[in-house]
Amino acid sequence: MFRNLKSIFKVIFISCIFLSLTGSATAEEIEVTLNAIQKTIAAVEKYDYGQSREDLVNFSELVRMASNQNKLLPEIEDAMLNLLESDATFATKQFICKELSLIGTQASVKTLNKLLMDEKTADIALYALERIPDPEVDKVLRKAAGKTKGRVKIGIINTLGQRKDFASMKVFKKAIKDNDPIVSEAAIAAVGKLGTIEAADLLTKQLAKASSEDQKISIMDALLNTANEMRSEDEQLANSLYQGLYEKDKPLNVRTAALRGLIVTLGDDASLMIKQAVQEEDLAIKSTAIALIRELPEGADVADVIAAMPVLEPGLEVQLLAAIMDRGEKKHADAARKSLNSNDEAVRIAALKALIVLGDAKDVTTIADKAANTTGPEKETAREALYRLSGPKVDDTILAEIVITDVKVKRELIRSVGHRPIPTATKTMLSTAKDDDRNVRTESLKSLGVIAQPESLPSLIDLLVSAETSAEIKEAQKTVSLVSQKIEDKSAQSDAILMVLPGLEDPKVYGSLLEVLGGIGSPKSLPVLQKSIKSKKAEIRLSAIRASSDWPNGDPMTDLLPVAQKSKDETERILALRGYIGLVKKSELDDAGKVAAYKSAFDLAEQINEKRQILSGLSEIETIASLEMMGEQLDNPDLKAEAEVGIMSLRRGLAESHPQKLKILLKKIVETTEDERIRSRAKDTLDQLN
Amino acid sequence: MKRRDFLKKSMIGSAALSIPTILPSSVLGRDGHTPPSDQIVMGLIGVGSMGSGHLQSFLGHEDVHIAAICDVRKAHRDAAKKRVDQKYGNSDCDTYNDFREMLARQDIDACTVVVPDNWHVLIGLEAARQGKHMYYEKPLALSIEEAKAIRKAVHRHGVVFQFGTQQRSDDRFRFTCELVRNGRLGDMKHIMIGSASYDQIPMPVKQPVPEGFDYDRWLGPAPWAPHAAERCTRQWTLIADYSLGCLSGAWGIHHVDIAQWAFNKDLSAPEQIEGWGKTPVQGLYDTAQHWEVEHLYADGKKLVHMDAHTAKERAWQFGLQWMGMLFEGSDGWIYVARGFIESEPKSLLKTKFCPSDIRLPVSGDHRRNFLDAVKSGKSTMCPVDVAFGSDITCHQAHIAMKLGRRLKWNPVKEEFINDTEANKMMHRPMRSPWHL
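Residue numbers (our numbering), protein chains in the order written: chain A, 123 to 812; chain B, 34 to 469.
Just so you know, these hints were derived from the structure itself, not from any lab. No experiment lies behind these values; they were computed from the predicted model shown. Don't be surprised by glycine CBs; every beta carbon is placed ideally from N, CA and C. Hints may be right or wrong, so weigh each one.
From chain A, some residues computed to sit far from chain B (all C-beta separations above 12 Å) [to be verified]:
1. Gln-337
2. Glu-594
3. Lys-658
4. Thr-680
5. Ala-714
6. Lys-762
7. Glu-796
Some chain A residues well away from chain B (every beta-carbon gap over 12 Å; in silico) [stated by the list, open to error]:
8. Gln-441
9. Gly-625
10. Ser-709
Pulled a few chain A residues facing chain B out of the computed Cβ check, cut under 8 Å [stated by the list, open to error]:
11. Glu-167
12. Tyr-171
13. Arg-186
14. Ala-472
This is chain A alone, in the form it adopts within the complex (with noise of 0.2 Å):
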């Protein structure tokens, strides 16, 4: 695909080339340089498109290389302008003009206009000539916009445009009188590039004899990049240009961005400039003026800016709140407080936002309220007010309020405590963790997963032994599991409930905390797992078999398969099917012995789902053992679903090892299927085998 070998050589021999001619080079290996290039120059000449770009990419590379050479460039320059006189094909002479836009000189300027003033050549010509420096392409370009009309004429005025030649102006005035309304844009647009006191004279006195309404259009157009030209260097001047495209007889995108033009100019008139702007009736300029404070200088009278708002609509409020928030001024946040009183859900939306960068400890009461007793999206930016809410007392503030105020503004604090999160505040939640309230000790239990450290363990299982409801034990069962694996030492990360557990009675709450171990998976807490998957208790068998199921590799699985097995208990056996069937994926199991897994589970599997799980997992091993257990279940109108979607995803894999068995089952699927996009990429698959 890259070029070949025979191409490297050449380029190197090249590059070897040049090397010797910035040396002391003699006359015989310059002529031997000179004929390497001319051979790579010839081979271009009748490139074609559709053809290989061989000799364009070897070309392109000596141009790259003699570019830096001041002995050879002339050289080649000479012959690309060779080819160009030549009768080498429209392709070859757009390549070359391609390239003679990077290296060109004054030299290239008679045969590029040669180029020009033919239609069918003149884009190409321009190609090169813009990008080439000489003053001599203006001037060439200036007597061809005389000569030519249409496209070309319109190329040419782009192109002086474009290289922002000053002394084009008569030649701009006069293509702006042209019939062609094309031609006329254009030059509008390139006097629009100059952005000179000239430019600004001729497009103002052209604006009120304009021709027509596209043309006024052109010409504010032009207006507005000549005020922006000359912004850096003349402000005065570019602020009169913008008032007069800031008058009311302008259209109004021109309106807009001239006030943001003048906003920028004005220095400090600027705030008085955004207050008049606003009292205006159209929405749009208010709009504008309204985003335009962000760009008033810092030190601005903001306030007051803001004191002189008229009553605005909800949509123009939300702006104004965007746009104080944007300031990031703390000094503004009254503003984004009088807001959260608003009858219109987006702007205490917005208030509540501008308060995340404005507000400080007094904000977190109103915050937290709203958090409670709003709904939808306002409590969510609340809530997320409340989390990033920052300043020096903000988190103390929480954790004060959180003592006094009422349970539901009490949950959404103790709530921003995890999300902050507030390390300090572990004292708090232990405490709250033992409210009277439900929710409150569910959302204190969530917080302490977060910020408890391994020492407050003691304190968390007595929360967990305590714990009233299911749900409470499973919050509690999340939390201990969570701080137990900030322990570093991961063989330790069990101690703290191995510790415990001898001295619990209550079966229930001594199966909470096998469960927990099970998530933990620290080895040390296997032996308990095993002994305890055995005990007379059947709660405590139940919670074994689901500890063991939640273990983070396959070392449980010897255990599970004979509950599996044996059980007498339907739920034990179901559950500890379901558990050994997890495992395998996570097992060091080889492929071959996750399949005999999968079988052995299979055979012992009574429900429809578990054999579903037993499929999936088979899914991702690409072997013909796996191949032959689904396709066994393509007559299974129960599975036959799964077992179509696993043989498609094991299709890749085993297409090339075992293209017959494939072949046969895709067969099958695709005289069988119910699902149009397997039958078509089953189909798909066949037809690449075949």
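Following the hints, position chain B against chain A.
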């Protein structure tokens, strides 16, 4: 003409700063202007493979009304119109072949720009000129000069701009950037990117232009080339006349944009660039297929941008998931890709930030974020200045790769230092009648 004379004589100069007279709304502004809090009227430009995805999404937003469709393919236009009309239960959606006609409509507030890369800037410039907010697919531009032009236009007209680098609205990427910004990976060694690559196809033969396809307008400012259906499919993005290829618009810019975000370089670009690239010489596609470019920022931070194959040879983590980003610091690494994140140590992924940490803007939906910005006036997740930095980084890579030498970038002048050829490559001339 002298400046003083101009100021004196100019009709424009005579306007003084004065309190405007309040006029009735029927005189001022456009008819039927939609209040910012209400519905956003949109026109969609480009409804091909990617554009139809945007159509589907925007149709699902209750506060959006799609009033017009523009595409140079009649079949695409008609199919899109059908979907819109079906959704609204009428036949009101208008169709256009020329984006300028559509953008001139006063009732349209916002548009999408989902067209071949060589058209992005021209449509963006017209949209800005007409005061339209835009959801603008990546890349920003086909050249650095074009990128400067669209940035200037968006600023001048103050329109809302959302760049289509939607990974900024993806939790995994944002979270990774927050980890980097807050020093959770320690001192950053580098960010490595494994972008897309492609499989070549044979050079097609010239084919007649099918009815209902405005091929000349499809080419637009790009150099003329004979028509072939293969040229004009979704893979135009691998052809150098229309795109920088996988390095930028065809994926690369997504990850470059995230690297800029993580390094807190949104408003700047690397200052030294060096690398290589391989482009096939046979077949239709002629953008870089494999490459490796190293970008060095002024503060020594390093970004290595590669195609995914090259990246996989450089670091094993690229085998975890195709086309990802590797952030390596003194205290660990993170590998993130779409739908995938992995780290060492694993605990990095459980990091909780507190209010004093640096937090980045949150968005769960890039298009929704655009619509919200249109309403609130707030910045989008990826406004034009940010898009500019990411785009320039891709252009730098492209030019350094083409020239095969180390380049230095002046961030103030926004040009290469002492390299005439590289600076010339900052601009691409356009086919008449199109111009910047």
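The hints, checked one at a time:
Non-interface call for A/Gln-337 relative to chain B: holds, since the shortest CB-CB distance, roughly 14 Å, exceeds 12 Å. Non-interface call for A/Glu-594 relative to chain B: holds, since the shortest CB-CB distance, roughly 23 Å, exceeds 12 Å. Separation of A/Lys-658 from chain B is adequate, the least Cβ-Cβ distance of about 39 Å exceeding the 12 Å criterion. Even its closest Cβ contact with chain B, about 28 Å, leaves A/Thr-680 beyond 12 Å, as expected for a residue assigned away from the interface.
With a cut of 12 Å on Cβ distances, A/Ala-714 stays outside the contact zone with chain B, its closest approach being about 25 Å. No beta-carbon of chain B is positioned within 12 Å of the beta-carbon of A/Lys-762; the least distance is around 29 Å. Every beta carbon of chain B lies more than 12 Å from that of A/Glu-796, the smallest distance being close to 27 Å; the non-interface claim holds. Not every CB of chain B is more than 12 Å from the CB of A/Gln-441 (nearest about 4 Å), against its label as outside the interface.
Separation of A/Gly-625 from chain B is adequate, the least Cβ-Cβ distance of about 32 Å exceeding the 12 Å criterion. The beta carbon of A/Ser-709 sits about 20 Å from the closest Cβ of chain B, which is more than 12 Å, so the claim that it is off the interface holds. Restraint check, A/Glu-167 versus chain B: the minimum CB separation of about 17 Å is more than 8 Å; hint violated. With a cut of 8 Å, the hint placing A/Tyr-171 at the interface with chain B holds, because the nearest CB-to-CB distance is about 5 Å.
Because the smallest distance between the Cβ of A/Arg-186 and any Cβ of chain B comes to about 6 Å, under 8 Å, the interface hint for this residue holds. For A/Ala-472, the suggested interface contact is upheld, since its CB lies about 7 Å from the closest CB of chain B, less than 8 Å.
Against the hints set out earlier in the document, violations occur for numbers 8 and 11.
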